[in-house]
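Number of protein chains: 2
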Amino acid sequence: MLRYSKKRDFPVSRIRRYLEPGPVVLVSSRFQGKANIMTMGWHTVMEFTPALVGCIIAESNYSFQLIRKSGQCVINVPTTRLTDAVVGIGNTSGAEIDKFEKFGLTAEPATKVEAPLIRECHANFECRLYDDRLVEAYNFFIFEVVKAHVAASPKHPETLHYMGEGAFMVSGKIISRRAQFRPDRL
Amino acid sequence: MLRYSKKRDFPVSRIRRYLEPGPVVLVSSRFQGKANIMTMGWHTVMEFTPALVGCIIAESNYSFQLIRKSGQCVINVPTTRLTDAVVGIGNTSGAEIDKFEKFGLTAEPATKVEAPLIRECHANFECRLYDDRLVEAYNFFIFEVVKAHVAASPKHPETLHYMGEGAFMVSGKIISRRAQFRPDRL
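The listed protein sequences derive, respectively, from chains E and R. The first sequence begins at -4 in the numbering used here and counts up by one. The second sequence begins at -4 in the numbering used here and counts up by one.
It should be emphasised that the hints constitute simulated quantities derived from the structure, not laboratory data. Be aware that a few hints might be false.
No distinction is drawn between identical chains; accordingly, a pair holds when it is met within one copy or between any pair of copies.
With a straight-line Cα cutoff of 35 angstroms, these simulated DSBU-like cross-link-like pairs (lysine-lysine) come out [unchecked claim]: (1) Lys168 to Lys2; (2) Lys1 to Lys107; (3) Lys168 to Lys64.
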């Protein structure tokens, strides 16, 4: 059994730390007792406070209706130890299988939404639907992150960044240019 | 003088290859003879065809008005050889300096928009404003990429992924899981 670092509360205004680099994420949802997970690569931070994230959830996904109807989800950040699960989740449908069971993932209760956290992910961001006015035109959902949980270690998790065609870029080294920034531009 | 790989036309429907991994980008613009560059980390692919990209351009940026009024821009993907320029561009204002001159970048004519391409970047995506209905509420612009230019080499450019606090993640190794994908999910 894999062991996972204990998570701690993380300020929602600082989730850009994990989302702005552009990792593929796992979106978990629940509606009327049915839970599911989907992979998502098209997302962006939109605001610090409220902590907004915009993302595309195609209507063809089984998760679309769970999220549309519940108005909630959890955005989970997986690392390379979950590469096979990330690929498997993106290539199966919640209409046919229980993805938690199939991919050996653990659903944990969230604190502010009904959708489950995925224990094995490095970070979990509990989301409530904030603005749905572009859902019909683009399947574009704007969520507010209302609670964030991040693993205490490692400091720099190895994340997956999807490039299409079945290929992923794995996060590399970290460099700092902090001394060259204006304090108000950090 | 640095040398740069010759660029070739690239299918706009496939730009996710460069944007979905989440690199920080340089956005160039021009309006009434005034050109500028800004750094941007909050963006997402939204559709393959038309090739849509959504992004946040804060009103406090000098570029905001150039882009709002011209309805055009170019999204340029820089690599680590431009790290200092990326940081410098994000920490200065086009109201005070000519960023092309200051950071030694070359403005080249685009083919379908008035905004200039940045020669030294790995890829250049010419954009026209497609939907501005969320500009007022969120500074969120939806652009259509109408022309794409990508350097012939390297195959995997070393991109910068901003994490906040002056730190960047540099793109790492590439892994393929293509064999595990359903053809329609690539």
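For each hint, the structure was consulted:
no., hint, verdict
1, Lys168 to Lys2, "both (23 angstroms within a copy, 27 angstroms between copies)"
2, Lys1 to Lys107, "within (19 angstroms within a copy, 52 angstroms between copies)"
3, Lys168 to Lys64, "neither (40 angstroms within a copy, 39 angstroms between copies)"
In this structure, the one hint that does not hold is number 3.
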